[in-house]
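Heads up: the sequence shown begins at 1 in our numbering, then just goes up one per residue.
One should not assume that every hint holds.
What the hints assert, rightly or not - Computed spacing ranges between beta-carbons, pair by pair:
| # | residue 1 | residue 2 | range |
| --- | --- | --- | --- |
| 1 | T6 | D246 | 56 to 62 Å |
| 2 | A56 | P347 | 50 to 56 Å |
| 3 | T6 | R279 | 48 to 54 Å |
| 4 | D34 | L95 | 48 to 54 Å |
These are calculated hints, taken from the structure and not from any lab test.
Quick reminder that beta carbons are idealized off the backbone N, C-alpha and C, glycines included.
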Amino acid sequence: MTSPSTAPTLYRATYLHTPRSPFTHPDALDAQSDGGLLVQDGVIRAAGPFADIRAAHPDAPVTDLRGGLLLPGFIDTHVHYPQVRVIGGLGLPLLDWLDQCALPEEARMADLAYARGVARDFIGGLIGAGTTTALVFGSHFAGAVDAFFEEATRTGLRAVTGLVVSDRLLRDELHTTPQRAYDEGRALIERWHGAGRTLYAVTPRFSLSASEGILDACAALMRDFPGVRFTSHINENTREIQTVRDLFPRARDYLDTYERAGLVGRHSVLAHNVHPTDRELGVMAAHRCTAAHCPCSNSALGSGFFPLRRHLDAGVHVSLGSDVGGGTGFSLLKEGLQAHFMQNLMPGGVPLSPAHLLYLATLAGAEALDLPHTGFFEPGRAFDAVHLRPAPGTPLDAVFRHAASPERALAAAFATGTPADVARVWIGGDTVLGG
Numbered sequence: 001m002t003s004p005s006t007a008p009t010l011y012r013a014t015y016l017h018t019p020r021s022p023f024t025h026p027d028a029l030d031a032q033s034d035g036g037l038l039v040q041d042g043v044i045r046a047a048g049p050f051a052d053i054r055a056a057h058p059d060a061p062v063t064d065l066r067g068g069l070l071l072p073g074f075i076d077t078h079v080h081y082p083q084v085r086v087i088g089g090l091g092l093p094l095l096d097w098l099d100q101c102a103l104p105e106e107a108r109m110a111d112l113a114y115a116r117g118v119a120r121d122f123i124g125g126l127i128g129a130g131t132t133t134a135l136v137f138g139s140h141f142a143g144a145v146d147a148f149f150e151e152a153t154r155t156g157l158r159a160v161t162g163l164v165v166s167d168r169l170l171r172d173e174l175h176t177t178p179q180r181a182y183d184e185g186r187a188l189i190e191r192w193h194g195a196g197r198t199l200y201a202v203t204p205r206f207s208l209s210a211s212e213g214i215l216d217a218c219a220a221l222m223r224d225f226p227g228v229r230f231t232s233h234i235n236e237n238t239r240e241i242q243t244v245r246d247l248f249p250r251a252r253d254y255l256d257t258y259e260r261a262g263l264v265g266r267h268s269v270l271a272h273n274v275h276p277t278d279r280e281l282g283v284m285a286a287h288r289c290t291a292a293h294c295p296c297s298n299s300a301l302g303s304g305f306f307p308l309r310r311h312l313d314a315g316v317h318v319s320l321g322s323d324v325g326g327g328t329g330f331s332l333l334k335e336g337l338q339a340h341f342m343q344n345l346m347p348g349g350v351p352l353s354p355a356h357l358l359y360l361a362t363l364a365g366a367e368a369l370d371l372p373h374t375g376f377f378e379p380g381r382a383f384d385a386v387h388l389r390p391a392p393g394t395p396l397d398a399v400f401r402h403a404a405s406p407e408r409a410l411a412a413a414f415a416t417g418t419p420a421d422v423a424r425v426w427i428g429g430d431t432v433l434g435g
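Turn these sequences into a full structure, and let the hints steer you where they fit.
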């Protein structure tokens, strides 16, 4: 028996979205200075100029959001659930930061009460920054992953996550075995994959801490449960890359450690990829997997400049990630700004317009995760949205009030916007923040 339809609501707003990639379509940005979105049962039924939508639906109640910007909900494709309470460990390279900051905190997730508190802090931070969908690096403990899924379900977040598995070079309490990795992963998949807004991601931490046995167990889950996602790290730090090379002497490169196990495919998202080989880029493009670019983390940990042009020239799809807690916060506005800065500074960088930044923070993530029902505003898509409305008297408010165009206001949002400017967030038409 289907639920009865609710009455539609017409949202009036200055809205912007990218129905296509501005990397391939220079006119991809659609900006409506006085736009209308008709939403019913959490789905957009009509979109375009407000006057046109109003004329076609004269009886629909209007929610007036003018005075700010309405954007598609942000989609974070790399962020660590257990690390929310250790954000800001500056001055350390990757492997030292893991040993001194991240891994001691991750060991505490064995305590289920502690994990539940972290889940609340983490998901509250995501939604508070306007993130409506996230590919999340989970915990090494199955109970903590359950706690995350429970909190995501309670809040309504679109969450893709899974059990993180490793069997070497970490703290002993974070190690598992291939059989246990498979068994616990299977139980979590059967409980959570496709339940409401949640999906499962098979997640070896990285090849440095995952033996061939662990990677084979991950591959078995991928074979036995088609449709689950896959995520891990790759080519983040030169010392990490050398260690992986020593551990896998027969592998051609870092990607080959995953490739040999059958883990590289359409549903694979590999974080960082700061130092790829040409062969790796070619394989990633051929398999249509994604590189999750984490610019604030790359800067904070000194990992290097992300070679965006090489990825684009090779045909590799790129999305955006905050990488909390190696990154410096949940805001994809800040990640977009940092990506803009770093591409401007690096030789051969790609100039990024506000349209590029909006795409990377929204539709690019939906494409990475194979979620065609979100990422932009068109009929048939879920109403996942963030309303940016800065407080009166702030510099961003002054720009919004005097901007010559919505595009100019969008540039200012990426330049100066913070979670404090997020007034309201919707996921599937449900208000999950503000209102």
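| task | Against the earlier hints, flag every one the structure doesn't satisfy and list their numbers going up. | result | none
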